[in-house]
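*Asks:* Sequence:
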Amino acid sequence: MALFESHLSEMPLPLFETEEAPAVPVAAPKGRLPSYIGDHRKRLRARFMEGGADALPDYEMLELVLFRAIPRQDVKPLARALLDRFGDFNGVVSASRNRLVEVGGVGEAVVAELKIVEAAAQRLARARVIRRDVISSWEALLDYCHTTMAHRDIEHFRVLFLDRRNTLIADEEQARGTVNHVPVYPREVAKRALELNASALILVHNHPSGDPTPSDSDVTMTARIQAAAEALDITLHDHLIIGRSQELSFREAGYL
Numbered sequence: 001m002a003l004f005e006s007h008l009s010e011m012p013l014p015l016f017e018t019e020e021a022p023a024v025p026v027a028a029p030k031g032r033l034p035s036y037i038g039d040h041r042k043r044l045r046a047r048f049m050e051g052g053a054d055a056l057p058d059y060e061m062l063e064l065v066l067f068r069a070i071p072r073q074d075v076k077p078l079a080r081a082l083l084d085r086f087g088d089f090n091g092v093v094s095a096s097r098n099r100l101v102e103v104g105g106v107g108e109a110v111v112a113e114l115k116i117v118e119a120a121a122q123r124l125a126r127a128r129v130i131r132r133d134v135i136s137s138w139e140a141l142l143d144y145c146h147t148t149m150a151h152r153d154i155e156h157f158r159v160l161f162l163d164r165r166n167t168l169i170a171d172e173e174q175a176r177g178t179v180n181h182v183p184v185y186p187r188e189v190a191k192r193a194l195e196l197n198a199s200a201l202i203l204v205h206n207h208p209s210g211d212p213t214p215s216d217s218d219v220t221m222t223a224r225i226q227a228a229a230e231a232l233d234i235t236l237h238d239h240l241i242i243g244r245s246q247e248l249s250f251r252e253a254g255y256l
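So that you can map any letter, position 66 of the sequence shown is 66 in the numbering used here, and since no number is skipped, the others follow by simple counting.
Note that these hints are calculated values from the structure, not bench results. The reader is advised that the hints may include incorrect statements.
To be verified - Under the rule of at most 27 Å between Cα atoms (straight-line distance), these lysine-lysine pairs were calculated in the DSSO-like manner:
| id | residue 1 | residue 2 |
| --- | --- | --- |
| 1 | LYS42 | LYS115 |
| 2 | LYS76 | LYS115 |
| 3 | LYS42 | LYS76 |
As the list claims (entries may be wrong) - Okay, the calculated beta carbon distance ranges per label pair:
| id | residue 1 | residue 2 | range |
| --- | --- | --- | --- |
| 4 | ARG43 | ARG164 | 47 to 57 Å |
| 5 | ALA53 | ASP84 | 32 to 42 Å |
| 6 | VAL101 | ARG165 | 17 to 27 Å |
| 7 | THR220 | GLY105 | 27 to 37 Å |
| 8 | ARG45 | LEU256 | 17 to 27 Å |
| 9 | VAL101 | LEU124 | 25 to 35 Å |
| 10 | LYS42 | ARG187 | 50 to 60 Å |
Ideal Cβ positions, reconstructed from N, Cα and C, are used throughout, including at glycine.
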């Protein structure tokens, strides 16, 4: 009897009606999104549809993009990590594949979604300037240049070719360089302008450092292209240097 009573004393006491059993998380069925994540995604999509992008901070916009790439887990930590690494939404979608995959949790599916967003943004921005008078659409042109070049990690050099009405007839990348230099050949720029029957040019390149102040080589190169263009009766309207958050116009700054 004593042995039986000792065993009873070691058994857990039954719960009374006033006590609550500890909550045990119930795993979502295999292949189904956990309810709390699914609810969060629904709320986020609803806020976006009601208020647009202005209603969401950068990390939530990134979450929306990442939902498709990572369908069955919380993507908020990854969105935060990407912003910590690249600064803002534009910096994330513009980052190169090699830099993106250095962030834990980023695989090919995430890279693909981000690059789709980047390509879509560039096409939309380009559509606002191509075949239009760029002088009267200057702000749209600046937006396009920032969208395509502001967050590049090496220098890119582009030439915008215009006809006699200052309509943009072609936008071409002429060269890529390093973090602080890009090789440009004035003869090649002039030759391409003749091939396109262009009457005017706008030069554009970026400074990955973020500072759009022109270097001595930038000034020299611009002067050489201007001389080559003038010999062919082609006008150089401007040279834009695109920084992270601002740009410099050679014409406004007095270099042209």
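*Asks:* Hints first: check each against the structure and report whether it holds.
*Replies:* Hint by hint, here is what the structure shows:
no.	hint	verdict
1	LYS42 - LYS115	holds, 24 Å
2	LYS76 - LYS115	holds, 19 Å
3	LYS42 - LYS76	holds, 14 Å
4	ARG43 - ARG164: 47 to 57 Å	holds, 54 Å
5	ALA53 - ASP84: 32 to 42 Å	violated, 21 Å
6	VAL101 - ARG165: 17 to 27 Å	violated, 45 Å
7	THR220 - GLY105: 27 to 37 Å	violated, 45 Å
8	ARG45 - LEU256: 17 to 27 Å	violated, 48 Å
9	VAL101 - LEU124: 25 to 35 Å	holds, 26 Å
10	LYS42 - ARG187: 50 to 60 Å	holds, 58 Å
In the structure shown, a violation is registered for the earlier hints numbered 5, 6, 7 and 8, in ascending order.
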